[in-house]
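Novice: The hints should help you fit chain P onto chain Y, whose structure is shown.
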Amino acid sequence: MGLLNDTQARLSAADEAIAELLEERRRLHAAMTFALEEGYVGRVVRLQKQFDQKTKDYNDLLRERAEWNRVVAADVPARRGTPKAGSLKAGSLHRPPGARLLAFAEFVYSRKTYESILRPTVMDLQDEYFEALATGRPGKARWIRVRGYWSFFAAAGLFSLLALARKLLSLWRVV
Amino acid sequence: MDIPRLSAKEAEILRLLIANGEMYGLELVKSSETLKRGTVYVTLSRMGDKGYVESRQEEVREGDGPPRRLYKATGHGARVLRAWDTARITLEGAWAF
Chain Y
1 MGLLNDTQAR LSAADEAIAE LLEERRRLHA AMTFALEEGY VGRVVRLQKQ
51 FDQKTKDYND LLRERAEWNR VVAADVPARR GTPKAGSLKA GSLHRPPGAR
101 LLAFAEFVYS RKTYESILRP TVMDLQDEYF EALATGRPGK ARWIRVRGYW
151 SFFAAAGLFS LLALARKLLS LWRVV
Chain P
1001 MDIPRLSAKE AEILRLLIAN GEMYGLELVK SSETLKRGTV YVTLSRMGDK
1051 GYVESRQEEV REGDGPPRRL YKATGHGARV LRAWDTARIT LEGAWAF
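Chains as they are written, first to last, in the working numbering: chain Y, 1 to 175; chain P, 1001 to 1097.
Hints may be right or wrong, so weigh each one.
[Unchecked claim] Cross-link-like lysine-lysine pairs, in silico, BS3-like; alpha carbons within 27 angstroms at most:
hint	chain 1	residue 1	chain 2	residue 2
1	Y	Lys167	P	Lys1050
2	Y	Lys140	P	Lys1030
3	P	Lys1009	Y	Lys167
4	P	Lys1050	Y	Lys112
5	P	Lys1072	Y	Lys49
6	P	Lys1036	Y	Lys167
7	Y	Lys112	P	Lys1072
8	Y	Lys140	P	Lys1072
9	P	Lys1036	P	Lys1050
10	P	Lys1036	Y	Lys140
11	Y	Lys167	P	Lys1030
12	P	Lys1072	P	Lys1030
It should be emphasised that the hints constitute simulated quantities derived from the structure, not laboratory data. Bear in mind the structure is a predicted one, so any value in this text is a computation, not a measurement.
Bound conformation, chain Y alone (with noise of 0.2 angstroms):
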């Protein structure tokens, strides 16, 4: 009977760190998808790797967990969610951080304001936000795209303040 609980407990944690490769797993290809039409050449290959070393991770525990599944009763009831060997999904193609913010900017500020600007500051933001993914950092990737839309909309916000400033300075030289 102990053995049996030990074996569940190791089947429940593999369930969790499945689940957990297969996110990490998701997001990488999300961001290789987009290095690859963008011309990240050398962010594909690095994050390639570590796509494929993700992928073996998770085939590494498909077998343990088949392994621990022999032990267990037959009756033990297949948890809901867990994915099947053979299923591996990838992930759908997801925008990069700021994409929406650029085509905003791009919508309603000069040319020269995106392109001077507001284009920059999301380049950083981007570049930033894939390196810490291909350095296999997620945590800090969500805290690059935090502080990334802070800095577009203090850029955006910033730069509106100066224009309305100025416009109305020489409003009251006309006048």
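Specialist: Only chain P this time, still in chain Y's reference frame:
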């Protein structure tokens, strides 16, 4: 004739560019404790309008990703920084009395 003015952030940017030649915006932020990601490009844009810095798009980016913009200080910017530093040192010396 308008006397050129320089803010502390603009002076910091000019010092970094004069010391290091051409730099990216993100490099400027990482090299400084006072420059922020949200405001560095606004400041650089303003400095470009005043003629203190000039920028160019790099032709091919080392590594991966689209080409980025490189900034460097102009001669006018270097002269303004020198005048600003001289004025600051002179005033600090005057206040010391």
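Novice: For each hint, tell me whether it holds in the structure or not.
Specialist: The hints, checked one at a time:
Of the pairs offered as hints, the one joining Lys167/Y and Lys1050/P holds, with about 17 angstroms between alpha carbons and a cut-off of 27 angstroms not exceeded. Between Lys140/Y and Lys1030/P, the direct Cα distance comes to roughly 16 angstroms. Compliance with the 27 angstroms bound is thereby established for this hinted pair. For the suggested pair Lys1009/P and Lys167/Y, the alpha carbons sit about 23 angstroms apart, so the restraint of at most 27 angstroms is met. Restraint check for Lys1050/P and Lys112/Y: satisfied, since their Cα atoms lie roughly 15 angstroms apart, inside the 27 angstroms limit.
Pair hint Lys1072/P plus Lys49/Y does not hold up; C-alpha atoms about 37 angstroms apart against a cutoff of 27 angstroms. Note on Lys1036/P and Lys167/Y: the hinted pairing holds, with a Cα-Cα distance of about 25 angstroms set against a maximum of 27 angstroms. Simply put, Lys112/Y and Lys1072/P have alpha-carbon atoms about 19 angstroms apart, close enough for the 27 angstroms limit, and the pair holds. A hinted pair counts as satisfied when its Cα atoms are at most 27 angstroms apart, and Lys140/Y with Lys1072/P does not qualify at roughly 31 angstroms.
Under the criterion of a C-alpha separation no larger than 27 angstroms, the hint pairing Lys1036/P with Lys1050/P is consistent with the structure, at around 21 angstroms. As the CA atoms of Lys1036/P and Lys140/Y are separated by approximately 18 angstroms, the hinted pair is consistent with the 27 angstroms bound. Distance hint between Lys167/Y and Lys1030/P is unfulfilled; the C-alpha atoms sit about 33 angstroms from each other, more than 27 angstroms. A hinted pair counts as satisfied when its Cα atoms are at most 27 angstroms apart, and Lys1072/P with Lys1030/P qualifies at roughly 16 angstroms.
When each numbered hint is compared with the structure, violations occur for hints 5, 8 and 11.
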